[in-house]
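Protein chains in written order, with our numbering: chain A, 1051 to 1183; chain B, 161 to 670.
To be clear, the hints were calculated from the coordinates, so they are not data collected in a lab.
The beta carbon of each residue, even a glycine, is placed where N, CA and C say it ideally should be.
Mixed in with the good hints, there may be bad ones.
Listed below are the simulated DSS-like cross-link pairs for lysine-lysine, each with C-alpha atoms no more than 27 Å apart in a straight line [what the hints assert, rightly or not]:
id: 1; chain 1: A; residue 1: Lys1055; chain 2: B; residue 2: Lys196
id: 2; chain 1: B; residue 1: Lys447; chain 2: A; residue 2: Lys1099
id: 3; chain 1: B; residue 1: Lys447; chain 2: B; residue 2: Lys545
id: 4; chain 1: B; residue 1: Lys196; chain 2: A; residue 2: Lys1111
id: 5; chain 1: B; residue 1: Lys245; chain 2: A; residue 2: Lys1111
id: 6; chain 1: B; residue 1: Lys257; chain 2: B; residue 2: Lys278
With the Cβ distance kept under 7 Å, some of the chain B side facing chain A (calculated, not the full set) [said to hold, decoys possible]:
id: 7; residue: Thr180
id: 8; residue: Lys181
id: 9; residue: Ser182
id: 10; residue: Gly199
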Amino acid sequence: MKLNKDSRKLSRQLFQSSFADGKLDNTRIAAVVESILSAKPRHYLAILKDYHRLIRLEVEKRHAIIESAAALSAETSRAVENDLKSKYGGDLTTDFRVNADLIGGLRIKIGNDVWDGSVRNRLARLSEEINHV
Amino acid sequence: MSTILQELETKIAGLKTATTKSNTGIVREVGDGVAKIEGLSDVMLNEMIEFPNGEYGLALNLEESEVGCILLGDTASVSEGDEVKTTGRLLQVPVGKALLGRVVNTLGEPIDGKGPVKNEVSYPIEKIAPGIIKRRSVSQPVQTGIMAVDAMIPIGRGQRELIIGDRATGKTTIAIDTIISQARLNKVGEESGAKDFRPLYCIYVGIGQKNSNIARSIAILEAAGAMKYTTIVSAPASDSATNQYLAPFAGAAMGEWFMDHGMDALIVYDDLSKHAVAYRQVSLVLKRPSGREAYPGDVFYLHSRLLERSARVNEQAGGGSLTALPIVETQAGDVSAYIPTNVISITDGQIYLETDLFYQGIRPAISVGLSVSRVGSAAQIKAIKQVAGKVKLDLAQFRELAAFAQFGSDLDAKTKAQLDRGGRIVELFKQPQYSPIPVEQQVAVLWAMQNGYLDEVPTDRVKEYQNKLQDYLGTRKEGVLAKIREKKQVDKEVEEELKAAVNDFKTTFR
Ligand SMILES: Nc1ncnc2c1ncn2[C@@H]1O[C@H](COP(=O)(O)OP(=O)(O)OP(=O)(O)O)[C@@H](O)[C@H]1O
Ligand SMILES: [Mg+2]
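Let the hints inform the model, and build the full structure from the sequences given.
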């Protein structure tokens, strides 16, 4: 669905008013949704969807997915988590996953950025390099 | 063997610092060769985007939280939910001499079945054109071998000369003839071993054409032995609009390599009307706003950015050049349509082909009145200037008079003489396709015309006279032709020899 200019502007304004101290704030979000649903402006469904998307993208920016080939020990997990939090701030949420395809090493995704230190990635790069020899 | 091992070891050592950072996104929507991607917050304009299973796309629309990306190659394998990543690279194509003799697609991949292209270098397909300071004015000729062009609408190296006309008026033929002429000159030049000889390499970019047409052009070039100096970039009508849109830029990159390395190249864009249509299609699926004739507003910028890459650079920058022959198709001779006016205003002149002339049997069907070359005369050799200086004017006047003569019955003697002369010049400039005439032959024939030798020949035998004279000079009087070639002018000595030769010939022609 193509959103018109005004609706897009509105959802963006609502999104910007959903922060408290630079962080997304649950009570504010609830209030925004409530006000849209009661006022029902033109295209309110589309606006709500766009608002939801913006919030989702923002949440993803503050969420780390840590993949490893085998489950990490509690100790290692904690170390990784503390390390990430010290870099990205205490409100970062984490999600540890096991992905055997990685063969070894870690792959961390935060928002759009991916740091890939897995063996699978190294092999892929090696094979690319060799193809260029 | 050991060097390969060493290389491998250094590569592996390099991988130890092995964590890579990349920027990713998710495909939200895909269709019509375009993918809408969410994420990719660090993407650059025109950056290559890597899809799973090794497909690539180009980021063209950067919006606040979405990126519009055109897909290259196999578009069917991309689906919603795929994770993609940035590569930090721009689209590149192979460049260099390894491409000569090859037929490649927009991505520079060979499609002629002659194995991989063994290039050492690649160039990004979009590049900033050389600036004013680096440029130099045009001063060396491109000998097209088409007498009407070389005599009246001369083209210089580094120039951009538009070939424009309705469908099937011989536009492609002019370009192909020019390429064949270069191949012959290159061959002669290389064999002569002259140190200051500068070969002219050719690139033919076929955009949105029928496969059969491109195959025909290739076959003609092959038969004329011209493929050796030529690269063909083919994006036929059956290719995606994306590939058709990118093909001229890929060709320009290949041409730029020659220019950057102090060499000369010529590039044909056949044709930019179809290119504009492909770009319109890409823009519409990207939901960009459209303007006049539904073309996107930046189609002018698209073509000026492409044609600005043709230039002649100065000695400090290597002295190379890239000449462009863009082709534009008009509808019913209308040059005031959007794309024709755009391209006319960007180029340094145009060769205008007319349907009427074509069907009157005047081929190449060049309209003298509407064709110009704004910079090429600086590049004409002196000999041609001497013998063809007035021809264009004569011919334009003839066309005018001929139109009047249709109505008037009695003409005064002067007008009649002008008409006769014009009729003979028209005959001289008729030229069959794929048979370029060397410049020294052109000089000799035009000299004979200027000095009244043709006045005694009936108009319908002028062509026969010309052919026989050329044969005669080529086989019996090679000496005077060689002198014209070397001196590049008609001085006393050449004049005397020409006179003797043509008089000799006259006795044999009846
Ligand atoms: N100088 C010539 N003498 C004789 N025939 C010619 C000459 N030039 C072109 N032709 C013929 O005219 C036809 C059209 O030529 P050509 O394909 O070059 O035109 P075009 O303008 O490029 O056409 P299109 O619009 O299909 O691209 C061809 O069959 C070609 O053989
Ligand atoms: Mg054509």
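Next item on the list: Sort out which numbered hints this structure fails and list those numbers smallest first.
Entry: 3
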